[in-house]
Amino acid sequence: MSNLTFARTDTSILGRWWWTVDRWLLATVFLLVIVGMILLMAAGPAAADRIHADPFMFVRKQFFTMPFALALMLGVSMLSPLAVRKVGLIGFAITLLLLVVAPALGSEIKGSTRWLYIGGVSIQPSEFAKPCFAVVSGWVFSARHTSPGFPGYRIAVVLWLTLVGLLIIQPDLGQSMLVTAMWAAQFFLAGLHLFWVALLVAITLCGAVGAYFILPHVQKRVDSFLNPEGADTYQIQKAMQAFRDGGLFGRGPGEGTVKAALPDSHTDFIFAVAGEEFGMLVCLLVVGLFAFLVIRGMSRVMEENNLFVIIATGGLLVQFGTQAMVNMASSLHLMPTKGMTLPFISYGGSSIMGLGLGMGFILALTRKRWSSAIGETS
Amino acid sequence: MIGFRFSKKERFLYPGQELRPHTRGRRKAPDVMVDEPTRLALEVGRTRMMVAASLFAMVYLAIGIRLFDLMVLKSTDRRPPVSQSATVPLDTKRAEIVDRNGLVLATNLPTVNLYADSTKILNAEEATTKLLALMPDLNREEVLSKLMSGRRFIYLERNLSPRLQAAINAQGIPGIYFEDSERRIYPHGHMVSHVLGATDPDNGGIAGIERSFDQRLKDDQQPLRLSLDLRVQAVVRDTLLAAITDFQAVGGVGLVMDANNGQVIALVSLPDYDPAEFGNSPADSQFNRATLGVYEMGSSFKLLNTAMALDSGQIRVADMFDTSRPLKISRFTISDDHPIPRPQNVAEILVHSSNIGSARMAMALGSEHQREFLGRMGMLSPPPIELPEISPPLIPAQWREIAMMTISYGHGIAVTSVNLATAVSALVNGGRLYKPTLLLDTPQDPKQVITPQTSMLMRYLMRLVVSEGTGKKADVPGYLIGGKTGSAEKVSQHGGYDTHNLRTTFAAAFPLDDPRYVVLTVLDEPKGLKSTYGFATAGWNAAPTTGKIISQIAPLLGVFPRLDAMQPYAPLNNVDLKNITQSIAFITGGARAPAR
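Protein chains in written order, with the UniProt record's numbering: chain A, 1 to 378; chain B, 1 to 596.
In isolation and in its complexed conformation, chain A is listed as follows (with noise of 0.2 Å):
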């Protein structure tokens, strides 16, 4: 281990690195990938027999994603603040660009075009433009304070716009909820006053109301989460089931038997899936890594002095810790189920490969800096 081991007088990049990198944060985010690699050795396998593919497709593939994602995560984060705005702003234009020719280009699967096919590889650009939104609007609201006359709620409100536009033309309600729930956190960040946070919030339950009068399967989705007894409800109550089958310390490895009747059951439903094999303890490990991950992070950059760092790592936290309570709490019933994968454990490439960058952002931004100033890079 002596090649990880750097000196406090170390210089070099990697050096600095080590020394300045939230190491708790660190070590959270791969024990989350271990223990999401175990749980998908365990769900992946019934999900491909379900679709009559090899059973390890989902574990290998997702074992091949995983260090490019660590790589990407580990190389982001080594970026100074400014370098990760510029990052942040080049990947968001990419993104959004791909987002506007993928719903001529892209694969319809499920009634969705998210997909697009770039050099064989099948890539979900709402996946990357979520954390690059993140940094992008961050910087947006903090430029409103450092440069006095910038338009920031104006750009910030277009942005917005613009890519929750793109993303419900897919249509995909769940990642652009995702997304606005972000923004609005970074807008309350930004010190929105307390008058139109509340507007915001009315809106918002207006909105939710609308939406399930306007759109049907998300009236459908309420409906059978209000009304069990109806139709529809196979997946939650299979979930049910496991959760109690699974008791304090599950049945044990591979004994699980709901996840071959779940069909999401490596992606949307994997904490079912922890719950019946692994026990309540396992769960609850989960939930505290997400946890500790979150209020880690926040508590980390309430030390900072530069506004871009704070509303940026809020964002990027906020969607993170966002994901991770959606699809534990659908799985839970606790709430209407919504198609989100549990970040870092569920099977999916474009998805970790965003989650790395995600990630990469925040550990970058969490990193300790001696001499900060205010809208400045260190």
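Calculated from the structure, these hints are not laboratory results.
It is possible that some hints are incorrect.
[As the list claims (entries may be wrong)] Some chain A residues well away from chain B (every beta-carbon gap over 10 Å; in silico): (1) Ile13; (2) Gly75; (3) Ser122; (4) Val164; (5) Ile214; (6) Lys220; (7) Asp223; (8) Arg244; (9) Gly254.
[What the hints assert, rightly or not] Some chain B residues judged to face chain A by a derived CB distance under 7 Å, without partners named: (10) Thr38; (11) Gly45; (12) Arg46; (13) Gly64.
Using N, Cα and C, we set each Cβ at its ideal position, and we do this for glycine too.
Following the hints, put chain B in place on chain A, whose structure we already have.
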């Protein structure tokens, strides 16, 4: 780890500076100078970040609580359980049959059948060899032809044991499958065979209650409750079986009926069968002698003849009939076994079982009267009991005088045992005729067929038969048993009657001061034994068998021996049959009416 470190850095403070409010309020000491608006924006951002972090902490805590609630407390959802899957077979459970006390007479056992899809058989020869190795009882050629039949579904064997199923499954023969099924189980075997009947391999009723209530048993899962009392049934069957063995009879009937509602408490026909092996049992054992067998009941029928006479109002119990010499009608001669060379009254005719006297009593009333009376007593129609195996009586095509005379003492008419027991119940219970039934709680609408007074006289006369006449061996002290013997010569295969082969009957009721139960015993071809001095008549076999049955079942049925109960009938112990009018004055309204 998670710490909101606001002011960790030590700052240099001038003496007293820490007391100054504007410096104490600063939570963060930035290393660089910031202007006031930016500082404010930072403060707001930090505060709101704390709000966001708290919200997340609360949400994740809620998820953790939900996990505990769901996985440890197993909170019960109001949602219905997830239905298993469409492949689960329909629940084809057949309802149980229970006796009057709820004891199970017929139930089901889950089992497995073996079948083949012969189109999926890869190698019929090899498959047959493997199957034969495990089931050596199967016929090789038969199995082979089934496996090569080209049919998609063909049974190979039914009701596999779990061990055999596991062994066959382990062979992994393609095209061989198991079918979940259920098997009807009769835990008491032979005990209740003729009442229950039997089911076919597909659990459809093919005999007895199983057949007559087939649809009810399929539709309604509630157990079907019979009027039978398994304990009484066991006593009757054991006792009858012992009698058949002792007297070397070829068969027998044992019936116990509740005299006050027509419910059959026990019904035994011997020989019988195990319902589970119905298909393999001999035809004779499948024959229900109690409901399907119609027999000439012999002298037992004189009970009906006597009741007819007394209920007519034209003949009184003390009326005398000439029994001194045989009665000649065209080419027939009616004679008595033990002729008494003097006229006898109605009571004496019954007690001494005089054929001549009975015939003269019938002659006095006429054939039409007899026919009407027997029809009223249900003797001219099949027993209306809930079994498919019932038979109509054999009655004369033309009710000529000679037929009328032989019918008076139980020849020339053949009825089922259930017919007779039903009629006897009405004779003793005050004159109400109930439908014989095998079900508990059957609503009954009894028909008044004779007057209560005739019924009372009949009880008295039946008691006399046991205390003074041919039924003495049926008596059990304290139970006040009454009855009538009957010994009919069986119809010979060559025509006419076979004087050596008898069918003996004893129709009894007890206790006669308040009749509760009728017991009927029939023995088919009992032999004379040394202990019976060579006699094979009913008084020597059917009567004592009935007594044995009553002595065992009476306590089970809540009837206990009461020596004081003899009191009202005390005169009967030393009765002067010739002065019968005096003896029965308490019935006809004389001085010695018993206090009941």
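A quick look at each hint next to the structure:
{"no.": "1", "hint": "Ile13", "verdict": "holds (23 Å)"}
{"no.": "2", "hint": "Gly75", "verdict": "holds (26 Å)"}
{"no.": "3", "hint": "Ser122", "verdict": "holds (32 Å)"}
{"no.": "4", "hint": "Val164", "verdict": "holds (21 Å)"}
{"no.": "5", "hint": "Ile214", "verdict": "holds (27 Å)"}
{"no.": "6", "hint": "Lys220", "verdict": "holds (17 Å)"}
{"no.": "7", "hint": "Asp223", "verdict": "holds (14 Å)"}
{"no.": "8", "hint": "Arg244", "verdict": "violated (5 Å)"}
{"no.": "9", "hint": "Gly254", "verdict": "holds (19 Å)"}
{"no.": "10", "hint": "Thr38", "verdict": "holds (5 Å)"}
{"no.": "11", "hint": "Gly45", "verdict": "holds (5 Å)"}
{"no.": "12", "hint": "Arg46", "verdict": "holds (5 Å)"}
{"no.": "13", "hint": "Gly64", "verdict": "holds (5 Å)"}
In this structure, the one hint that does not hold is number 8.
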